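Participant: For the sequence shown, the residue numbers in numbering that gives the first Met the number 0 are 0 to 210.
Errors might be hidden in some of the hints.
[Stated by the list, open to error] Under the rule of at most 16 Å between Cα atoms (straight-line distance), these lysine to aspartate or glutamate pairs were calculated in the EDC-like manner:
no. : residue 1 : residue 2
1   : K48       : D112
2   : K78       : D60
3   : K48       : D122
4   : K48       : D108
5   : K78       : E185
6   : K78       : D108
7   : K78       : D122
Hints in this document: simulated from the structure, not taken from any laboratory.
Note that this is a predicted model, so its numbers are computed, not measured.
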Amino acid sequence: MTRVLHALPDLAEAVMAAPPAGRRRVVALAGAPASGKSTLAETLCAALKEREHSAQVVPMDGFHLHNPILMERGLLARKGAPETFDAMGFLHLSGRLGQEREVAFPLFDRARDIAIAGAGIVDEDCQTVIVEGNYLLFDAPVWRDLRPLWDLAVLIDVSIETLRARLVERWLAHGLSQAEATARAEGNDLANAERVNGALLAADLRWTGNA
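Hey, can you work out the whole structure from these sequences and the hints?
Facilitator: Structure follows, in structure tokens:
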């Protein structure tokens, strides 16, 4: 049975107790859009550093395909779905994270809606990499090959109702009307969440707390 955690100190201890397969530990934080992945990743990273443990966050969002490519493929409205990412590129990077002394990785600039290559560095002193993303436990071609790379896999468990409310608020904050925000949340983000929930690989831990 998957262990359920809701307190940050317990999560930090579980991370530090997980044996790394390579030169550093690679921890996956998997969750739907608006589940709190980014916040939890940064908070967990800070908690590890308070324990004098070197850590770095690597977001999956740096592997978004460029908008012109999505437009050519008719996928711009589905941005954030599995097929709108460079899954093979992300798989390749993930395999390097635990093994190589230094690894450069891309970051996503939300203000400009573009990925920037080489914008982040995992240096040789890093002991734990925290990878966060929607599809880290997705049982689908290419994505499922990520699972053996995680020394510890954590699923962020948030109800669909909570996700819906958070997503609508997110799009309202971007200037959309109530109707537009609801349509955006339900037509893309929640569809992606339900798609993943229907094909989840096993996690080592479930997180039900707040970061």
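Participant: If a hint holds in the structure, say so; if it does not, say that too.
Facilitator: Against the structure, the hints come out as follows:
no. : hint        : in the structure
1   : K48 to D112 : 30 Å, violated
2   : K78 to D60  : 11 Å, holds
3   : K48 to D122 : 15 Å, holds
4   : K48 to D108 : 25 Å, violated
5   : K78 to E185 : 13 Å, holds
6   : K78 to D108 : 14 Å, holds
7   : K78 to D122 : 30 Å, violated
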